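Construct all of the structure, not just a fragment, from the sequences and the given hints.
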Amino acid sequence: MNIERVDYANEKHASALLDMLNHYAEDPMGGGESLSAATKAKLISEMAKRDTVFSFLAWNDDGEAIGIVNCVEGFSTFAAKPLCNVHDIAVREGYRGQGIAQKLFDAVKAEAASRGCCKLTLEVLSGNEPARLSYKKYGFKPYELDPEMGQAEFWELKI
Numbered sequence: 020m021n022i023e024r025v026d027y028a029n030e031k032h033a034s035a036l037l038d039m040l041n042h043y044a045e046d047p048m049g050g051g052e053s054l055s056a057a058t059k060a061k062l063i064s065e066m067a068k069r070d071t072v073f074s075f076l077a078w079n080d081d082g083e084a085i086g087i088v089n090c091v092e093g094f095s096t097f098a099a100k101p102l103c104n105v106h107d108i109a110v111r112e113g114y115r116g117q118g119i120a121q122k123l124f125d126a127v128k129a130e131a132a133s134r135g136c137c138k139l140t141l142e143v144l145s146g147n148e149p150a151r152l153s154y155k156k157y158g159f160k161p162y163e164l165d166p167e168m169g170q171a172e173f174w175e176l177k178i
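First residue of the sequence shown? That's 20 in the numbering used here, and the numbers climb one at a time after it.
Read the hints as simulated data drawn from the structure, not as lab findings.
Treat the hints with care, as some may be off.
[Claimed, not checked] Taking lysine to any residue and the SDA-like style, the derived pairs with C-alpha atoms no more than 25 Å apart in a straight line are:
id, residue 1, residue 2
1, 160, 106
2, 160, 71
3, 156, 171
4, 59, 40
5, 155, 114
6, 128, 178
7, 160, 93
8, 156, 111
9, 177, 45
None of the values given here were measured: they were computed from a predicted structure.
Dropping the structure here:
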């Protein structure tokens with residue numbers, strides 16, 4: 020198994036990224052639906068346009084993509100430094116529980132450090148206990164400024 024930074028101009032990488040992301044999207048923890056044709060058609064070119072977006076793929080010894088992580092650099096106003104948001108992370112069924120997510124996080128952490136990021140962030144569904152355990156094992160924890168005020172929640176407003 021090896022971890023490789025995605026080159027969005029590389030057809031093999033692009034195809035594997037779309038396949039892995041669609042695999043994740045079809046999982047109940049990813050929403051349970053395939054990516055739309057429109058998303059599949061433009062995702063790679065849109066990611067390639069942004070120098071704040073980067074991805075890694077995990078490959079098995081047969082050259083099959085078995086894990087993916089997509090990241091987006093953001094900015095921490097409290098630290099006045101960039102931060103790295105782990106936007107998607109998924110490991111193919113049959114390969115889970117083998118430390119692949121941990122190795123993907125190692126690659127992300129190294130890239131984030133090279134960019135001067137102050138932290139990694141991610142969102143996780145409260146019912147996704149296997150992912151929550153994996154993230155805790157790596158050192159992630161729920162975000163809170165003051166324990167009396169509670170943990171931060173991730174909200175959205177679609178546009």
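We went through each hint and held it up to the structure:
no., hint, result
1, 160 / 106, "holds (16 Å)"
2, 160 / 71, "holds (24 Å)"
3, 156 / 171, "holds (20 Å)"
4, 59 / 40, "holds (10 Å)"
5, 155 / 114, "holds (19 Å)"
6, 128 / 178, "violated (31 Å)"
7, 160 / 93, "holds (19 Å)"
8, 156 / 111, "holds (19 Å)"
9, 177 / 45, "holds (21 Å)"
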